[in-house]
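Novice: Spelled out, the chains give:
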Amino acid sequence: MKLVLHDSLMFVPVSLTYGGATLQIEDILVDTGSTTTLLSIDCVTTLGIHPEASDSIRRIRGVGGVEYVFSRRMDAIAIAGHQTESVELEFGGPGKPGGNRGKPGETGGGKPGTHRFSRAFFEDRRGRNRGHIDFPEGRNRGHIWKPGETGDTSIFPSLLRGPARLSGMPCVVGVSRSLQGRGGAVRSRSVDLASVFREFPPRVPAN
Amino acid sequence: MKWTEVRAAYPDEWLVVEAIQFHEEGEVFVGDEITVVEKCPDGAAAFDVYRRLHRQYPERELVFVHTSRETLRIEERRWIGIRAAS
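Just so you know, the sequences run in chain order V and X. For what it's worth, our numbering labels the leading residue of the first sequence as 1, then goes sequentially. For what it's worth, our numbering labels the leading residue of the second sequence as 1, then goes sequentially.
I should point out that these hints are in silico values taken from the structure, not numbers from a laboratory. Be aware that one or more of the hints could be misleading.
If you only want the chain V side, here are some residues facing chain X, beta carbon under 7 Å, derived [said to hold, decoys possible]:
id: 1; residue: Arg59
id: 2; residue: Arg61
id: 3; residue: Tyr68
All C-beta atoms in this analysis are idealised placements derived from N, C-alpha and C, irrespective of residue type, glycine included.
Given only the sequences and the hints, what does the whole structure look like? Please build it.
Specialist: Below, the structure is given as structure tokens:
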């Protein structure tokens with residue numbers, strides 16, 4: 001499988017089949033920390049995907065706030081020749097109408113290579129301890145983030161299911177390219193939360 | 001209005017509603033007191049209205065929903081990372 005790297009983010013072409021039609025989307029962002037796949041509704045309009053009464057609605061709550069999405073089962077999804085049939089995807093409204101692409105793992109818009117990281121967010125699985133780290137000026141600021149790094153985001157699903165232990169518990173960091181949530185880039189990795197808090201006390205008080 | 005009252009007043013309709021009061025039961029969001037913000041001709045229109053209003057008022061608990069739903073209980077999922085441009 002060929003992954004395209006832009007600013008430390010992985011992109012991959014994805015082919016969606018729904019209702020007998022197939023749509024190729026060239027730049028889908030791969031977020032290895034995601035538990036589901038969410039696409040912008042704007043990139044699937046040609047497949048005629050809109051909310052229907054029978055769709056499940058989900059409320060997604062994260063650092064950036066709350067958003068409602070709906071889910072729909074696709075006939076098939078194919079990535080680099082590997083096809084899986086009957087896959088449920090989520091669709092939401094990231095990006096601008098008629099503009100941005102969808103991104104697996106829920107991310108935002110913008111073209112590959114245009115991301116500018118400026119702030120990292122972190123929190124534990126219950127959202128009780130969270131904060132952020134601002135990166136200094138400069139392109140690809142996400143690269144400088146080091147404290148407590150222990151690996152990649154493959155631990156994320158187990159993190160959601162596992163016991164909430166603050167000390168030494170890995171958390172996931174997302175990196176945005178703007179301070180106001182305008183950016184969509186997701187860059188997640190596991191870190192040691194306790195070491196993060198020692199070095200960067202959370203600015204957002206625990207709930 | 002309670003959701004049952006909304007359903008009675010707007011049968012078989014797409015709506016954008018606001019949950020004025022709600023609570024959470026584990027990982028389920030439950031809307032208790034509901035205000036109808038806009039009636040929409042179909043799901044696509046409801047989603048567009050939702051998206052526009054959500055951008056404008058991100059702190060409000062706006063939902064696009066069809067009144068065929070018997071309850072306003074919505075599965076919740078935590079997302080760690082960055083959400084999209086809005």
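Novice: So, against the hints stated earlier in the document, which numbers end up violated here?
Specialist: none
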